[in-house]
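J.: Protein chains in written order, with our numbering: chain A, 96 to 253; chain B, 8 to 763.
In short, the hints are calculated from the structure, not lab data.
Beta carbons are placed, not taken as given, at the ideal position from N, Cα and C, and that holds for glycine.
Don't take each hint at face value.
[As the list claims (entries may be wrong)] Estimated spans, in silico, between C-beta atoms of each pair:
no. : chain 1 : residue 1 : chain 2 : residue 2 : range
1   : A       : Glu-179   : B       : Lys-674   : 51 to 61 Å
2   : B       : Phe-520   : A       : Ala-227   : 50 to 60 Å
3   : A       : Leu-158   : B       : Glu-755   : 36 to 46 Å
4   : A       : Leu-158   : B       : Val-143   : 33 to 43 Å
5   : B       : Asp-89    : A       : Ala-227   : 49 to 59 Å
6   : B       : Lys-738   : A       : Ser-117   : 42 to 52 Å
7   : B       : Asn-433   : A       : Ala-227   : 29 to 39 Å
8   : B       : Asn-606   : A       : Glu-165   : 28 to 38 Å
9   : A       : His-100   : B       : Lys-674   : 46 to 56 Å
10  : A       : Glu-179   : B       : Leu-754   : 52 to 62 Å
11  : A       : Ser-117   : B       : Pro-598   : 22 to 32 Å
[Unchecked claim] Okay, the calculated bits of chain A under chain B, using three or more residues with CB under 8 Å as the criterion:
no. : stretch
12  : 103 to 109
13  : 157 to 169
[Said to hold, decoys possible] List of simulated lysine to aspartate or glutamate pairs, EDC-like, C-alpha gap at most 20 Å:
no. : chain 1 : residue 1 : chain 2 : residue 2
14  : B       : Lys-15    : A       : Glu-190
15  : B       : Lys-315   : B       : Glu-193
16  : A       : Lys-98    : B       : Glu-127
17  : A       : Lys-177   : B       : Asp-28
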Amino acid sequence: MSKVHVTTTINGEPMEFLCEPSDTMLDALRGPLGLTGSKEGCSSGDCGACSITLDDRLICSCLMLAVEAEGHRIGTIEGMAKGEHLHPLQQKFLEEAALQCGICTSGMLVASEALLKKNPDPSEEEVRFWLAGNLCRCTGYDKIVRAVMETAQDMRAQ
Amino acid sequence: MNVVTNNKWIGQRTIRPDGVDKVTGRAAFAADTNMPGMIWGKVLRSPHPHARIKSIDTSKAEKLPGVKAVVTARDIVDFPIDKSVMLGIQDMRWMCRNVMAREKALFPGHPVAAVAATSEAIAAAACELIDVQYEVLPFVIEIDDAIKPDAPILHEFNKYDGKPSNIAGKLEVKKGDVAEGFKQAEVVIERTFTTRPVHQGYIEPHACLVSVAADGKTTIWSSSQGQFMVRAMTAYLTGLPQSDIRAIPAEIGGGFGGKTIVYLEPLATILSRKSGRPVKMVMTREEVMRATGPTSGSKCTVKIGARKDGTIVAAQGTFYLQAGALPGSPIRGAVGCSFSPYDIPHVLSVGFDVMSNRSKVAAYRAPGAPIGAFAVECVLDELAEALKMDPLDLRLKNAAKQGTKAAHGPVFPRIGYIETVEAAKNSDHYKTPLGKVSGKLRGRGVASGFWFNAGGESSAQVNITEDGNVVVTTGHPDIGGSRAAIANICAELLGIDYRRVSVLIGDTATIGFSNLTGGSRVLFASAIVVTQSTEKIITTLRERAAKIWEIDPEAVKWENGAAHPASPNAGEFPPLTLADLAAKAPAMGGPIGAGVQLNTEGAEGGFGTHVCDVEVDVDLGIVRVTRYTAVQDVGRAIHPSYVEGQIQGGVAQGIGWALNEEYIYNKQGKVDNPGFLDYRMPVCSDLPMLDCIMVEVPNPKHPQGVKGVGEVPLVPVMAAIANAVYDALGKRFYALPMSPPKVVERLEAPTQQAAE
C-alpha cells in the first residue's frame, strides 16, 4: 500500500506529510511531523492526552485519521506559546503547580484554551465538565481547575 | 541536626525547573525519543489464564519480510526456582518469569515471545505467525477459590503447611497477647471486607528505546521510577554487566509504584542485541491493563475491642492479599500500617500472600496500607457508633504519640498524628453541618491512615558553574515536583535566588547509585545528600575567601550568597559573592563542586486524617463526594504546592478506588474492562475541590524536617468514603467499589444484610 500525501496547516504553518491511510492524526503528529507534545495515553479517545484543535474545534487526535487533515487547520500544544512568550494558561499552570508528571498537561492546556475561546467566563462546573475528557491521575484536578478559572479572570481583566 | 529557619525559599511556591518544558510539549517522555535506524518491538501475549507452554515455533515469523529479531524465554536469563536472588524487594526468579512466561503462561496477557520488525504493523503481524502450543490448565482468579484445598495450583514448588498451595507467604506482627486483650473488652466489633484489584492508572503507558552496540554497550531510554532499577534488572535478565548499560531516565508520565519494575526493557535489549538495531517498544493501554500493575484485591477480617470509655484494648487483623501469578503482594503494608495510628496494648496482625491467575501485582501508593486501613477504619467507625462517641474523639483517645510502640516494631519519636485529628476536628469542614438536599442523602465520614515512609540510597552532585550559578544532579526520577523542592533547598542554603539553581536527574552513568522513586522517599533522601553536598561547597567557598583575605576560614561566614568576614574582621573586606569566587576558582584550587552518596536514615512514618462528605442519589446509586478535607502531618512543606498536589492526587485515587475502579473478569478468566472507558477513573467533573490542611511537625532526624508525603493521602480515603456512605444511607458497605449498580442493589435489598 502506498502512502498518502497530505497538505495541511499546523500551528499556522503550511505543512505536508506522508502517511498510511490507516494512520491517525496522532500517529502523523508524533511520527513524520515530529510533534511529540501530543501524547498517546489510550488511543481510544478516553484520556485526552492527544487533544488538538481541528479548525478551532477540540478533538482527540487519536480519533481522527491523518488524511482528514487535508486542507484543514490543526492546532497543537507546540503552537500555544508565541516564541518565548507563554500563553497565559501555560504561565498560570506553572505558577499554580497545575501539573505533576506532565503527561496530561499538553492535552489539558489545549482543551483549556479551546474552552476559554468559547467561554471566557466559565463557572467551576463548566470547567469541570469541559475537561472531563482529559484524564489526570496525579493532581485530582483541583489546581488545574483553579488555574483555568484564574486565567479566565486575568484574561477578562485585560 | 540544624533545622533551617527564617527561610527565603523553603516553603515558597516557586516555579518548577522542568515546568516550561512540560507546558510547551517539549519534555521528552518515554515514547518521545527516536533514533536513526530504529525498529519496533511487539510482544505476543498468552490468551489463556493458565497453560503449560509445550512448544513455541517462531520460524514463520522470522521469515516474514521486515522481521529482524525474535525473542522467547530461552533468550532471557533463567533464575532457577530453588535459589532466591533478590533485587530490593523483587525476587529475580519471579521477575524473569514475569517479563516472559517460562514453564507456564500464568495470566491472559503474560508475554510468551517478542518480535522486532521495521514497522509496528509488521511486528504485530509476525506475532500472529508464532505458533505456541499450549496445554490449557484449570485456572483460579479469586482469593476464596485460590485457597480452597482443591484449587488449581499455579506453582507446584510452592508449599504451605507442607503441601502445594497458592499461599506464597505469611507475615505476622504481634504486640502483647491479643486473646488476653479481648477478655478486657466490653465492646467488640468484627467485620470482613473485600476490595478489588485497582490499577495505578498512570496516563503514560510503559515504553522504552534500547540501542545495543556490537560491543554490547547498551543505552536505554525509558520512563521508570528508577533508572538504576532498570539497569540492574536488565543486566540480570540479559546477562550484560551493569557497567555496559547506560539507563537514561525519560520524563515519567506517572508511576504511583507501577513503574518500580521492568516489563519491556530486557526484551527490547535482547531484540536490539540480536538485530543490531535500536528497538522501540510502547505498550498499548490494553497491554498496560492486562499485564502491568495492578495492586491486590483483598479479603480482610478485622476485630477491635474496647472498654466502654472508648479505650481500645485489643485489635486483630487477618489480611489476604492477591499477589497475582507470582509471589509478592504488599502484605507488609497491610499488616504493618493498619493499626499504627493507635496505641493499642494487644495487637495481632497477620497477612497472607495469595497467588492466582492474574497479572503480577506491582506497588501502588502505600502498598497494602489502604487495603488494611479500609477495614480497620470502618470497624472503628462502627465502634464509635456503638460507644456513642464522636469518631474523631475515639481516635484521639487512642492516638499513637511519641513513645508509642507500634506493633510492627518501632517506638515512635515525636509524631504528628494527634495534630492531624485535632486539625480535622477544628476544620471548617467538620464544624459545618451537612445540610439537606432534596432527592439525595448526605453523609459525613472520617478516617485516618499511616505509611512507613523510607530512606535508602541516594546520590547528589552539586557543581558551581564558572559564572557562579549552580547545577544539582540527583538520581531519582522526579514525578511530582521533587526538582522544584530540591532547588528551594539548595537556593536556601546558598542564599541565592532559586532560579540560579538548575536541578537535573542524572542517568546511571553520570550520577551515583540512587534507589527507587518510591516509598515517599525521594525528597527526604535527596534533601539529605543535596544539603550535605551544598554544605561542603559552602565550606570550600569560605576557605577560598579566607585565603584571599588571608584570614582564618573560621572567621568567614556565608550569608546571602556571599562570603563575609566575621568578627573580628567584620566589615574589613567587601563580601565575595558566589560569582566572584567562581570567577577566581581557577587560581584558587580549581572547580567548585561536591558530591555525597549515602544510605539515608531517619525517615519517620506519616499520618493523615480525612473528612469526607458524600451525596447519594438513591435512584441511580451514584455516590458523589461533595466536600473533602485531607489533613496530614507533612513534616516540613518544602514546596507547599507540590505537597498539596500529592495529597490531592492521593485522595482522587482513593475516591476512584472507593467508588468505581475495579478489574472485572469474565468467565474465561480474562479482564473484561482493559481500557479507560470501562475502567472508570475519576474525571474532572466527578470531583470537588480537595482541601488540604498541612500540619508541620518537623522530622527531628532530617536537616529540613522533611517527612515523606506521597503515600499517606491514599490510605484513609476509602474508609472515609465508606463511613460517609453509611452516615448517608444507614447501610454499611463491606465491599469496594461502591459503584452505582452495587449501591442500587443494596438500596433495593429488602432488609439490611448483617455483616459477614
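J.: Against each hint, give a clear statement of whether it holds in the structure.
T.: Here is what the structure says about each hint:
1. Restraint check, Glu-179/A to Lys-674/B: a C-beta distance of roughly 58 Å satisfies the suggested window 51 to 61 Å.
2. At roughly 43 Å, the beta carbons of Phe-520/B and Ala-227/A sit outside the given window of 50 to 60 Å.
3. For the hinted restraint 36 to 46 Å between Leu-158/A and Glu-755/B, the CB-CB distance of approximately 38 Å keeps it satisfied.
4. In this structure the hint that Leu-158/A and Val-143/B lie 33 to 43 Å apart at CB holds, the actual value being about 37 Å.
5. Remark: the range hint 49 to 59 Å for Asp-89/B to Ala-227/A is upheld by a beta-carbon distance near 52 Å.
6. Range check, Lys-738/B to Ser-117/A: about 51 Å between beta-carbon atoms, so the 42 to 52 Å window is met.
7. Separation of Asn-433/B from Ala-227/A is about 34 Å and conforms to the stated range, judged on CB atoms against 29 to 39 Å.
8. Between Asn-606/B and Glu-165/A, the C-beta spacing of about 59 Å breaks the proposed range 28 to 38 Å.
9. Take His-100/A and Lys-674/B: their Cβ atoms lie about 48 Å apart, and the range 46 to 56 Å holds.
10. For Glu-179/A paired with Leu-754/B, a C-beta distance near 57 Å keeps the hint of 52 to 62 Å intact.
11. For Ser-117/A paired with Pro-598/B, a C-beta distance near 55 Å fails the hint of 22 to 32 Å.
12. Against chain B, the stretch 103 to 109 of chain A contributes 0 residues with a C-beta closer than 8 Å to a partner C-beta. That does not satisfy the three-residue criterion, and the hint is violated.
13. Given as covered by chain B, the stretch 157 to 169 of chain A fails the check, having 0 residues with a CB less than 8 Å from a CB of that chain where 3 are the minimum.
14. Simply put, Lys-15/B and Glu-190/A have alpha-carbon atoms about 17 Å apart, close enough for the 20 Å limit, and the pair holds.
15. For the hint linking Lys-315/B to Glu-193/B, the alpha-carbon distance of about 6 Å falls within 20 Å, and the restraint holds.
16. At roughly 16 Å between alpha-carbon atoms, Lys-98/A and Glu-127/B fall within 20 Å of each other, so this suggested pair holds.
17. Only pairs whose Cα atoms come within 20 Å are accepted, and Lys-177/A paired with Asp-28/B is accepted, the gap being roughly 14 Å.
Checked against the numbered hints given earlier, this structure breaks hints 2, 8, 11, 12, 13; the rest are met.
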